[in-house]
Amino acid sequence: MDAVWAAETAKQVQETAQASGIDSATLIKVAALLGAGFCMGVGAIGAAIGEGFIGGKTVESMARQPELQGALTRTMILADAIAETTGVYSLIVAIVLIFVI
Amino acid sequence: MQDLVALSVYSFNIPYLNIAVSINPVTIITTWIIMVVIFILAKVSVSRLSMIPSRAQVAAEGLYAWFDETLEESMGKAGREFVPFIATLFVFVLLCNWSSLIPNVKSPTSDMNTCFALGILVLFVSHGYAIRKKGLKKYLKAYFEPTPILFFSNVISEISKVLSHSLRLFGNLFAGGLLIALVPILLVQLFKWWGVPLGIIAMPLLNAFFGLFLGGVQALVFTLLAAAYINVISE
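Those sequence lines, one after another, are chains A and B. Take the first sequence: its position 2, counting from 1, is numbered 2 in this note's numbering, and each next residue is one higher. Position in the second sequence counted from 1, then plus 101, gives you this note's numbering.
The hints are simulated quantities; they were obtained by calculation from the structure and are not laboratory data. Note that beta-carbon positions come from the ideal geometry of N, C-alpha and C, so glycine has one too. Accuracy of the hints is not assured; some may be wrong.
[Stated by the list, open to error] Derived DSBU-like pairs (lysine-lysine); straight-line CA-CA distance at most 30 Å: (1) Lys178(B) / Lys238(B); (2) Lys29(A) / Lys57(A); (3) Lys178(B) / Lys29(A); (4) Lys178(B) / Lys144(B); (5) Lys238(B) / Lys262(B); (6) Lys29(A) / Lys293(B); (7) Lys239(B) / Lys178(B); (8) Lys262(B) / Lys207(B); (9) Lys57(A) / Lys239(B).
[Stated by the list, open to error] Examples of chain B residues toward chain A, derived with CB under 8 Å: (10) Arg269; (11) Leu279; (12) Ala282; (13) Leu325.
[What the hints assert, rightly or not] Pair by pair, the computed Cβ-Cβ distance ranges are: (14) Leu27(A) / His228(B): 17 to 23 Å; (15) Ile22(A) / Leu237(B): 58 to 64 Å; (16) Lys235(B) / Met1(A): 51 to 57 Å; (17) Arg74(A) / Val333(B): 16 to 22 Å; (18) Leu27(A) / Gly236(B): 35 to 41 Å; (19) Ile301(B) / Leu27(A): 39 to 45 Å; (20) Gly317(B) / Val96(A): 25 to 31 Å; (21) Thr248(B) / Glu60(A): 34 to 40 Å; (22) Leu306(B) / Leu68(A): 42 to 48 Å; (23) Met62(A) / Ala143(B): 51 to 57 Å; (24) Glu8(A) / Leu291(B): 22 to 28 Å; (25) Ile45(A) / Arg181(B): 39 to 45 Å; (26) Ala63(A) / Gly229(B): 41 to 47 Å.
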């Protein structure tokens with residue numbers, strides 16, 4: 001099943017390459033670079049929104065109880081690292097697409 | 102010589118299953134060197150205990166006391182058993198992350214194998230502790246807990262916890278190391294001659310942010326999440 005799908009995909013890439021006059025390996029590289037750009041671009045949105053939300057809530061809590069500043073800062077940095085995780089996942093995929101494929 | 106060692110990956114084939122297993126020698130050697138450094142630091146800071154502590158003793162006592170408080174308030178009385186494991190995990194991951202600041206050294210956590218090994222270690226410790234504390238039947242019943250329909254969802258959430266735990270550490274460190282390695286090359290290519298002074302200004306800032314700050318934060322997050330996982334599974 002997997003081998004049939006792989007063979008058909010390779011045939012389609014070959015046909016597209018021959019129809020438009022590009023080498024097949026170049027076409028794969030072009031597609032990989034395009035995919036890497038989309039991947040990192042869309043992935044950065046979620047991380048940024050999440051961390052902005054965390055920062056806003058932290059400032060709000062600090063305004064309500066200024067004596068908890070140290071603990072609130074530490075918790076904010078911890079929550080930042082966790083919210084960044086999915087952005088880092090898309091960074092890994094983008095780096096693999098650029099450098100390995 | 103360093104390049105030859107870095108590029109060589111020793112791989113051998115498991116005969117019946119036809120799986121290729123590869124070992125990175127640079128990662129293993131660096132990990133052993135970091136273990137020796139931790140051992141020496143521990144011996145030095147505990148060597149002459151006195152009521153008027155030296156600076157190394159203050160650092161060691163501060164580290165132990167901070168983890169003692171944090172684990173006791175999150176895990177209760179049983180938390181104190183875990184302080185050596187959690188504190189060692191923290192110091193190991195911290196030194197691994199910060200070892201990329203030494204020139205020519207590649208940090209072991211920028212290799213996927215180390216991060217997954219640490220994740221699997223936390224998996225075994227947390228599930229083993231839960232089985233030993235609750236008994237096998239209560240541990241297995243917990244998978245069917247809200248409704249038996251959610252069995253597969255619970256199993257998959259355990260697996261994804263391990264994956265996200267390791268991949269967070271790996272992704273941050275790998276991307277940081279790659280950026281620190283690529284930025285001088287990119288600056289010189291873009292600015293041709295002005296790239297060199299720009300690089301001299303920008304590199305310490307980059308190293309400080311990605312190396313020191315992110316490395317420290319990721320080590321802390323890894324450790325506190327490991328403690329939280331141990332706590333959650335053993336309730």
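Now the hints, each set against the structure:
no., hint, verdict
1, Lys178(B) / Lys238(B), "holds, 24 Å"
2, Lys29(A) / Lys57(A), "violated, 43 Å"
3, Lys178(B) / Lys29(A), "violated, 57 Å"
4, Lys178(B) / Lys144(B), "holds, 28 Å"
5, Lys238(B) / Lys262(B), "holds, 22 Å"
6, Lys29(A) / Lys293(B), "holds, 27 Å"
7, Lys239(B) / Lys178(B), "holds, 21 Å"
8, Lys262(B) / Lys207(B), "holds, 27 Å"
9, Lys57(A) / Lys239(B), "violated, 39 Å"
10, Arg269, "holds, 5 Å"
11, Leu279, "holds, 7 Å"
12, Ala282, "violated, 12 Å"
13, Leu325, "holds, 7 Å"
14, Leu27(A) / His228(B): 17 to 23 Å, "violated, 46 Å"
15, Ile22(A) / Leu237(B): 58 to 64 Å, "holds, 60 Å"
16, Lys235(B) / Met1(A): 51 to 57 Å, "violated, 42 Å"
17, Arg74(A) / Val333(B): 16 to 22 Å, "holds, 21 Å"
18, Leu27(A) / Gly236(B): 35 to 41 Å, "violated, 58 Å"
19, Ile301(B) / Leu27(A): 39 to 45 Å, "holds, 41 Å"
20, Gly317(B) / Val96(A): 25 to 31 Å, "holds, 26 Å"
21, Thr248(B) / Glu60(A): 34 to 40 Å, "holds, 37 Å"
22, Leu306(B) / Leu68(A): 42 to 48 Å, "violated, 31 Å"
23, Met62(A) / Ala143(B): 51 to 57 Å, "violated, 38 Å"
24, Glu8(A) / Leu291(B): 22 to 28 Å, "violated, 42 Å"
25, Ile45(A) / Arg181(B): 39 to 45 Å, "holds, 43 Å"
26, Ala63(A) / Gly229(B): 41 to 47 Å, "holds, 45 Å"
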